[in-house]
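*Asks:* Chain by chain, the residues run as shown.
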Amino acid sequence: MDLASAKMIGAGLAGIGVGAAAIGVGIVFGQFLNSAIRNPAAADGQQGRLFIGFAAAELLGLMAFVVAMMIMFM
Amino acid sequence: MAAEARIDPMHQFQINPLAGNLDGSPFVFTNSAMWMLIVLALIGLFMLGGMKRQLVPGRWQAMVEGVTGFVHNMLSTSVGPEGKKFVPWVFTVFMFILFANLIGLMPFALAGVHPFTVTSQFTITGILAILSFSIVVITGLWRHKLHFFSLFVPHGTPFVLKLLIVPIELISFLVRPFSLAIRLFVAMIAGHILVEVFANFVVQGLNAGGAAGPAISVVSFLFIMGVMALELLVCAIQAYVFALLTSLYINDAVNLH
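Chains A and B are the protein sequences, given in the same order. Numbering follows the numbering used here, with no gaps: position 7 of the first sequence is 115. Numbering follows the numbering used here, with no gaps: position 215 of the second sequence is 396.
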């Protein structure tokens with residue numbers, strides 16, 4: 109296998125991480141909705157924490173994207 | 182468009198000199214600088230329109246007061262009464278990122294002008310993150326002197342665990358500016374690349390002809406519309422997340438824990 113095609117395969121494998129982060133973001137928002145429906149009065153106060161969790165989960169997915177881009181273009 | 186449409190999604194992030202050249206002089210006026218000035222002018226217009234200090238606010242003033250109140254609220258909930266001092270910086274960062282993100286999405290290309298997303302450059306977001314981080318460090322050292330370093334030692338940890346936890350806390354503290362900067366610029370780049378790639382599918386589908394080509398174009402176009410709506414949301418969320426995390430880090434520096 110030559111280097112160029114190995115690079116492309118590697119970038120594709122790194123892209124799997126983005127999908128994993130999608131699961132994480134889904135869990136964050138899903139769990140928030142789950143508990144917000146149980147206690148709607150307390151939901152608005154927790155929105156800051158919701159977005160912190162979202163940011164943490166999303167960052168790791170974006171890292172996977174960065175790795176894929178670095179493999180492809182550097 | 183030419184029949185040979187080549188997918189080059191990175192082209193839109195290129196920095197082109199508008200005056201001077203990139204190799205020679207140290208100060209070059211680039212398209213990035215021009216769009217930053219445009220963002221600044223728009224923020225100025227937005228603020229000037231709303232700073233009339235009327236007792237009964239009109240529509241515009243209510244809009245501006247909504248944004249300032251939003252940032253003020255965010256800081257007072259996460260930092261407390263001390264947070265009021267940091268409203269100017271967090272507000273500046275929030276407005277700059279929000280406007281720069283939104284400007285990058287605007288369809289100025291219909292008029293032949295290609296908007297440049299300022300926040301898609303690591304240099305810009307890196308500087309914003311470093312400024313936020315240095316505000317945190319300077320405030321912490323100023324207020325608590327060397328006691329600031331107790332931030333890395335959680336209360337009531339057994340000594341054996343401290344050996345493990347202090348390095349972890351230190352690393353997670355030092356990584357903060359990188360995570361702030363990388364999150365913003367990658368989120369912007371990823372969205373723009375996605376739109377660009379699917380825009381290429383539209384063109385290539387039309388060029389391919391046959392029965393399937395135009396159908397693929399239509400599907401891609403509908404997908405682009407959905408992605409654009411999502412991107413508008415992401416623009417606002419990224420600005421909000423940057424401001425929120427900055428205020429949380431400021432909370433660490435002001436109140437320790």
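Certain hints may be false.
As the list claims (entries may be wrong) - Computed Cβ-Cβ distance ranges for the label pairs, DEER-style:
#1 A/Ser143 x B/Pro198: 48 to 56 Å
#2 B/Leu236 x A/Gly134: 27 to 35 Å
#3 B/Glu246 x A/Ile145: 44 to 52 Å
#4 A/Gly134 x B/Arg234: 22 to 30 Å
#5 B/Gly250 x A/Ile145: 51 to 59 Å
#6 B/Ala389 x A/Gly120: 44 to 52 Å
#7 B/Gly230 x A/Leu111: 36 to 44 Å
#8 B/Trp323 x A/Ala150: 50 to 58 Å
#9 A/Gln154 x B/Met244: 21 to 29 Å
Hint data in this document are derived by calculation from the structure and do not stem from the laboratory. Note that the coordinates shown come from a computational prediction; the quantities given were computed from them, not determined experimentally. We treat Cβ as the ideally placed atom computed from N, Cα and C, and that holds for glycine.
*Asks:* Hint compliance check: list the failing hint numbers for this structure, sorted ascending.
*Replies:* 2, 3, 4, 5, 6, 7 and 8
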